[in-house]
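Chemist: We have chain B already, so just place chains V, A and P on it with the hints.
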Amino acid sequence: MPSDITFYLLAALTLAGAVAAMSLRNIVHCVLCAAGAFAGLAGIYLQLNAEFVGVAQLLVYVGAVAILLVFTILLTHGADVKLGSALISSGWKTGLAISALVLVCLVVPVLTSPGLRHEAASGVVAPMMQKIGEQLMGQCVLPLETTGLLLTAALLGAVVIAMNDKTAAGPKTGVPPNHEAGKEPGLR
Amino acid sequence: MMSSVIKLLWLIPVLPLVASGVGALLPRPRRRTSVALALGAMSGSLLLSLAAFAGTLNSGRETVREVFNFAWFNFGSATVQLGWVLDPLSAIMLVMVTLVSLLIFIYSIGYMKEDENFTRFFCFMGLFAASMLGIVIANSLLLLFICWELVGLSSYLLIGFWYQKPSAAAAAKKAFITTRIGDLGLLLGMVWLYSRTGTLIFYDNGQGCLEQSALSHLALAATVGGMAVSTAISLLIFCGAVGKSGQLPLHVWLPDAMEGPTPVSALIHAATMVAAGVFLVARMYPLMSSGVNPVSGSTALQVVAWVGAITAVFAASIAVAQNDIKRILAYSTVSQLGYMMLGLGVGGVAVGMFHLLTHAVFKALLFMGAGSVIHGSHEEQDIRKMGALKKLMPLTFATYAVGMMALCGVPLFFSGFWSKDAILHAARHWSVSAVPFYLGVFGAFLTAFYMTRQVCYVFFGRRPAASGSSRHPVAQPHESPAVMTVPLAILAVLAVLTGFFGTPAWPWFEAYLNGGHATLDVGNIFADGQMGVMATSTVVITVAIALSGWIYYKAAAQSPRQTDPLENAQPFVFNCLRRKFFIDELYEATVIRLNAVFSRFSDWLDRKLWDGVVRAVSALTVLLAKASRGTDESVVNRGFDQGCEGLRDGGKVAARWQDGQAQRYLRVIGAAVGLLLVFLIWGSK
Amino acid sequence: MTTPLSHYLVLSALLFSVGFAGAVLRRNVILVLIGIELMLNAANLNFIGFWRYGAHPEALTGVMFAIFSIAIAAAEAAVGLALVIAIYRHRRTVQVDQFNSLKG
Amino acid sequence: MSNLDQVFVTLLHWVVGLVPASLQPWVSTLVIILAIMTVFGTCFALTTILERKILGRMQNRYGPNRVGPCGLFQPVADGIKMLTKEDIVPFSSDQVVHFLAPLVLTIPIWLAFAVIPFGRNMTAIDLNAGLLFFFAIGSASELAVFMAGWAGQNKYSLLGAMRAVAQMISYEVPLVLAAVPVVMLAGSLSLNDIVQAQSGYIAGGLPRWNVLTPWGLAAFIMFLIAATAESNRSPFDLPEGESEIIAGYLTEYSGFKYALFFLGEYMGLFAITSLAVTLFLGGWHAPLPVLEWLPSWFWFGLKFSALIFGFIWIRATLPRLRLDQMLSLAWKFLVPLALLNLLAAAVWHWSGQCRLFPGSMAVRWLVCAAILVFPGIRLGRSLNGLSATPRQYRYAK
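Residue numbers (the numbering used here), protein chains in the order written: chain B, 1 to 188; chain V, 1 to 685; chain A, 1 to 104; chain P, 1 to 397.
Since the hints were made in silico from the structure, they are not lab data. The beta carbon of each residue, even a glycine, is placed where N, CA and C say it ideally should be. Heads up, a few of these hints could be off.
[To be verified] Partial selection, computed: residues in chain P whose CB lies under 10 Å from chain B: (1) Val97; (2) Phe99; (3) Leu100; (4) Val104; (5) Asn128; (6) Ile137; (7) Ser139; (8) Ala140; (9) Leu143; (10) Met147; (11) Glu172; (12) Ser188; (13) Ser190.
[As the list claims (entries may be wrong)] In silico contact screen, one side only, chain B against chain V (beta carbon under 10 Å); selected entries: (14) Gly95; (15) Leu111; (16) Thr152.
With the rest of the complex left out, here is chain B (with noise of 0.2 Å):
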């Protein structure tokens, strides 16, 4: 009984931090709204017995999505919203529509279709992190490698496309050029 009031819970934060991350007027409370939406999943995960997921959605999204976003709303002036300028694009009508479209698409089949098995599946597997681990160097090492190199490219081109060009920008700043400031973004 109580999973089902929590799964309510949840899901009720989980939603209210998405309707609210998409139509907040102030980016910043987006964001944080966006990040209440990311920690419910979380919850969601954990109360479906899927630890590590919710943590990794815990650890990578509250913790470094929303980090970044945070920092590209500071590094682009995006908080400082001009008012009066138009917050959602123009034509929102068909954009309305068209998701309407996808939300029928997706929740009627799920409702109707017999094939779906309402109840939870027996004891979940013991040591799941065990299993998770055998997984990751078993069957999937492959998976693993890619994604680590793609997550070095990733972090190196993010940093070189953020970077600030240090040539354009000249001397003037005084930086030294061998005082790379780290994950420190160059605040302007």
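Modeler: Coordinates of chains V, A and P only, in the frame set by chain B:
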């Protein structure tokens, strides 16, 4: 020795040719060099001719003939050959032409002294002599034809020597064109002959066209009209002779040719060129005489005879009514040529050629005499204005008298008598008909008549009072200088001597020509009717001289010359004769007008028809061009532009969807996914 | 009675459509990225849902898939945001509408 | 002895027993929560006063001794002061975020305590991914710090927040990497298992604590450095940097919210220290077999307070680091060394199996130590190189 001469034979025509060529390059003032050149060349040729003549003389064998042929050029399989021949006929002609030319050259030095175109005169005379000699030695009808044309050209140049005078220019043109008409016949004959026999060489050891094999072949072949091919060809060739020698239909140019200077008339229109026609007939005699019945001579020879007889009488009658001293001599030449043709026609080559030789000598003499008379009386040519020159120009009168008597055929001493007698004799015995004989006799009568008239008017009687012409103050006529009178004297002597070669008593000339041996036999004179013929001619001539002398001696005596007594007697006939039977007007009316009409018609044709056609074609092309531009403009360009326009609009429409709005793309994807799902889930049920 | 799978699926559909609507409608590019993240999470939720209620929970495929998708989503977010910063530096704007230089 | 050790556990069961079955799970969690909060709450209070007293003593002065005997009631005074002070919220600030910031900071920290084994069977929730849970919760605090800095809408607080976030992110990596060898050797992410792995004694004398292994010692040192940075203390307290940017992201807070931040900070410290204890100092195991009779939680508490004293000691001695020094230390010294440590741990683990010759244990120790020491010196010297370059000052435009 004989063969060596034949090799040098070609030098005879070439020497004067070279002289005239070099003379042509000389500037006008170099008079002496041109004369020297001309005389030197002529004397060289004379010497060579004498050598050649000597060569032919002492052979004594049967008719001797030296031939030298060479291939001029070849085209395809056929080759064109030229060559020259040395036989009695050409030898005697060579001597005659070179001798007479030399004498006339000397005479013209004096006569042309005042003329400023002196060098040009001698250049043309050299050209003429060369081409005449070329005709004589030619062994090929082609070479003969080439020289024939050159002779025509030089006659044109010499007649039109004083081209400032329009009448001289007109006369030159008239001479050239008329002879050209005759040459057309000659050309056709030549071509026909070549096509038939395949060669134009006369004597080519058997192969020549005048040799028996070709002649027999020609005689047998018949033309369309049934006439033998040989006859047709010879008639065509005779046309050339008619043109050149001024026979009846084509004689009109000869009297007008008197416009040229007198030495020219003497050389060309008396002795040589006009004789070329007769020589041609003589050269082609084997062809001409290869008729069906050898007795009466072939039809061609009959034609020659008749034409000759008629021309003789016709020309003689006109000469009676002429007042210009040179025109009288011109018409006498025409009639004497008629006699030669008659001689050839009835008597054969020897008779004709003998008269040709004698005539050349005394006619040259007469012309040069007339020349010195004109020279003396300061360019006065009308005999009615002359008179009493007997005492003023005694030498000229003497030589002129000898010439007159030779021409009239005064018996015994004068060459004319013997040569004319031979012709009349031959005519007398002509089997075909006796008419030519009577025509001949009547011609002789007329000849004697007009010559006496001329002499009376010119030398006897009294000079008309003070007829001084405007330019010169009245100057007494004076004797010509020695350079002119010496040739006169020489010719006078020759006029007498040449007669004795062909007398019946000692027919050397005929023997020489026919290759036989002449024996002196006075008895011949009385043989087969010779005596009769001689007697009739003597009577006729004496009657004519007496009559003419009687009439005109009185007429000449009256100082203001009245009209011609004959005119008083028969005004219509006399006028008709004086107007030359209106032949010129006849030609004018017929041929020339026809020509004018034809030219006008062709002009109209060209202007209207062809020009029209050309203009039509150009208009058509312009139209075509316009049409193609029109279609190109409208159909192609506009059509193409339309197509591009459509394409660009389509592109614009498509571009509108590609506006870089990421969210629009996302919507599209969403919609597509939705529809896809809908289709997959419910569509497939 | 544990909550039926359909609830989870409905929740994920809702999440997905909200994310999609956000991505489609909002003008600020950062919010578009957040929308995309939401959509990804909705997909993960489905994975885990089906793994949990699937026939073979021991197969762990759902979980593995979710793990890797989270990792990649993180990389994607990083690069996306770097791009946004770069674009901002050149265009001084984060409005998605203005990023239309690749217009056709 | 076991009952002393399990005194709290039995207490818990007794309380839970009072409640009807249906509510029992709820009640047990509530009791545990209450227990943790009270224990660490008092610990917070004590630490504030102790820290100030020890700092004073180290700086050759007494420290607060007015309130209560030797100043023991100073925390109460502070607490009252905090509560009574007016809670000023700047006008232009972002009300919601301003209010939420302290909450978002402290709540995850309390959650972190759920997985730590205080004693034998004294773990709130025994997640088998406990360590990972702990780190996930730790990472949430950065967001809170940012919210705090952002809410004030003033340049200084934002600057401070940025520095804090950068520092925490930079040091999270070495923190996790330092913990990885422990997990590798223990074979499990669950903290109980890790503690279990450190039980037992070598030759009856030395306990099998990770800290006594070469890689363990290095990892422990790195963990401590990262931990101080993670909790914004002493050498790494750039965010508050009193002298430069007033109170960093805390400038806009006063009254109770400031107290909460303060609480959150100390709770972060306690959580990290307790994790260090469980990972490296053998959790609640006694150092010697002889001392086994003392209760497990006693040992945990002893080690815990020892570490706290260490932190305070460090705070008293080391000067503040510059921003670039701090970051380069993280990225150019700690991270490479941590990665190397992985290698050393692998060698240690592999060489553990082969007992070729008697002295193998000592040789093994030396080899692993060598792997770490020489590169460490090399990296350290390179760090010095950095500071050797003349510092170029960037003047405000």
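Chemist: Against this structure, judge whether each hint is valid.
Modeler: These are the hints, each one checked on the structure:
1. Val97: This hint holds: valine 97(P) lies near chain B, its Cβ roughly 7 Å from the closest one there, short of 10 Å.
2. Phe99: violated, 12 Å
3. Leu100: holds, 8 Å
4. Val104: At about 8 Å, which falls below the 10 Å cut-off, the nearest Cβ of chain B leaves the hint on valine 104(P) intact, so it holds.
5. Asn128: OK, holds: asparagine 128(P) within 10 Å of chain B, min 5 Å.
6. Ile137: holds, 7 Å
7. Ser139: With a closest approach of 3 Å, the serine 139(P) hint holds.
8. Ala140: holds, 6 Å
9. Leu143: holds, 5 Å
10. Met147: Check passed: Cβ of methionine 147(P) comes within 7 Å of chain B, closer than 10 Å.
11. Glu172: This interface hint holds because 8 Å falls under the 10 Å limit.
12. Ser188: Cβ of serine 188(P) sits 7 Å from chain B, so the hint holds.
13. Ser190: Nearest chain B Cβ about 8 Å off; hint holds.
14. Gly95: holds, 6 Å
15. Leu111: violated, 12 Å
16. Thr152: At about 27 Å, which exceeds the 10 Å cut-off, the nearest Cβ of chain V leaves the hint on threonine 152(B) violated.
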